[in-house]
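S.K.: Sequence:
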Amino acid sequence: MLSARRKLRDVYAALDAAESYQDWLAAATAHDEVTGAEAWRCEDESTCYDAPALRQAILRMVKLREDDEGMRLIAALNEDLQRNLDDLCDPSLYDGALAGSKLLVERYLDEVGVALSWLVDADLPGVDDHMRLARFEAAWRVYGRSALLLSGGATLGFHHLGVVKALMKQGLLPDILSGASTGAMIASGVCTRNDAELADMFADTDQIRLDGLAPVGVLNALRTGSWLDPDQLYAVLQNNIGDRSFAEAHAHSGRALNISVSPTRTRQKPRLLTHLTAPDVQVASAALASSALPGLFPPVELAAKGPDGEVVRYIPGERWVDGSLRGDLPKQRLARLHNVNHFIVSQTNPHVLPFVRHHGRRGIRPAVAGLVGATVRTQVAYGTELARRATQTAGPVGILAEQAHALVSQDYRGDIDIHPQFHWALYRKVVSNPTREDLTSFIREGERSVWPRVAMIRDQTRVDRVFRDCVARVKARISQGLKP
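Quick note on my numbering: the sequence shown kicks off at 4 and runs consecutively.
Among the hints, a few may not be true.
Below are the DSSO-like pairs computed for lysine-lysine, each with C-alpha atoms no more than 27 Å apart in a straight line [to be verified]:
(1) 478 x 172
(2) 272 x 334
(3) 172 x 334
(4) 486 x 66
No wet-lab data here; the hints were simulated from the structure. In this text, all values refer to a predicted model and were calculated from it rather than measured experimentally.
Just need the whole structure built from these sequences, with the hints factored in.
M.R.: Next comes the structure, spelled out in C-alpha cells:
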C-alpha cells in the first residue's frame, strides 16, 4: 500500500513539474498504470457506446478497403459516422484516464481517418476528381467543423497565447478562430501570420509589444470618460498585428478570423467581423473596437481599406465597444457563417473564471461549488433583467443596464472548455501591462491548461481535420492537372 501511495505521489509531482506535453503524457500514462485506469482504457465495453457495433464497423471498413470497394466504403462511412460519432463525443469517456479515452474509440477513429484518406486516391468508377471533391465537401458540410473561441479577459487573456501554442505544437489548431476583447487581439495575431511566422513569434516573444495600457491622466479621464489611451493601444496592435484587412489575413494565413464587436446604440446588434462579412475592415481596427471596454477606452469607429488601399471609415457614424459585452462566444453566428458545430473555448474572463473552475471535477466540494456558482449567476442575471426592463430607454442608464444583462446572461461554455488554474492573485494583474516574466508565465500556464484536454481535442476534431486534408489534396491534384 505504501509503495502504491508513494508511486502515486511521485506521479502527481511529475505532472506538476512537466515542462512539455511529452513530459506530461509520460506522467499521465504512469498515473493510469498506478491507478488501474490503463486497464479501463483496454476494456472495450462502455455505457456510452455500442462496443460490438464499433468493432464490426472497424472490420467492415478494413475489409472494404482490402477488397477495393470504394463506393460501398463511402456508404458504410456515412452510416457509421451518423450512428457512432455523437456517442464517442461523450465527455465521460475522458474521465476514466488521464492519457486518453478507450482504446477502442481511438482504433475506430484511426480507421475512419485511414478510410477517408484512402478514398482520395481510390478508383471510384464513374467519379472524376471534380465529382470526388464535391462529394468530400458535401460530406464535410454534413459533418461540420471545429473552431477555437478565445474569450475576453483583459490581461488574463494572454493565457490564450499558451493555448494556441500548445494546440499548434500538437497539430490541433483549428483554422477557424474567434476572439473578443483580449481574445480578439490574440486571434488577430494568430490569423495574420502563416504557420512559419507563428512559430517564429513563439520562438521570440520579445517581438510582441506589451505596453498597450497607458493612463491618460485624471483630468483627461474626467473630460472623456475613459481612463486609458486608445492611440497607445492601437499603436501596439499595429505592431503586433500589422495593417492587413480580414480578406488579406485570410489569404495570407489560411485561417478564418472572427472578431466580436458590441454596438453603442440599442437599435444596433452585435457584429461578427470576418473575411465573409467585412472583408475590407482592418484587423487592427476591429481588435481595438473589440477591446474598448466602456470606462477604460472610448468607443471606436472601424476603419477599412478603400479600393486604392487608402484607409476609409467603415459604416460612418457607428461606434463599437468591447465584444465580450454582447458576444464573448458567438457560437450561433459561427455556425451560420462557417458551419461550425464543435466549439473549443479558452476562457479567461475574470467574472467567469470563479464559476467555471470546478466544471468537470468530481467530488462533493466541486459539486457544491458549482451549485453555488450557478445559483449566484442565475440571481444576478435575474436582477439585471429587472433593471433592463425598468430602464428601457436609449439613454446611458438604459444602455448600461442592457450591457450588464447581456454580460451576465451569456453562455460561456463550449464543447471543450480550457481555462487557466484559478487563483485570486491573478486579479491584481487584470488591468495592467504584463511584464516579460508575466508573459512567459501566462504562456506556460496556457499550455498546461491544454495538456489534459489534448486527447479529447484530438479525438473530437479528428474527422474534421481528415476532411480538411482530403479536400486540400484533391484540390491540389486538380490544380496541377494530375490524376489519382
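S.K.: Failing hints, ascending?
M.R.: none
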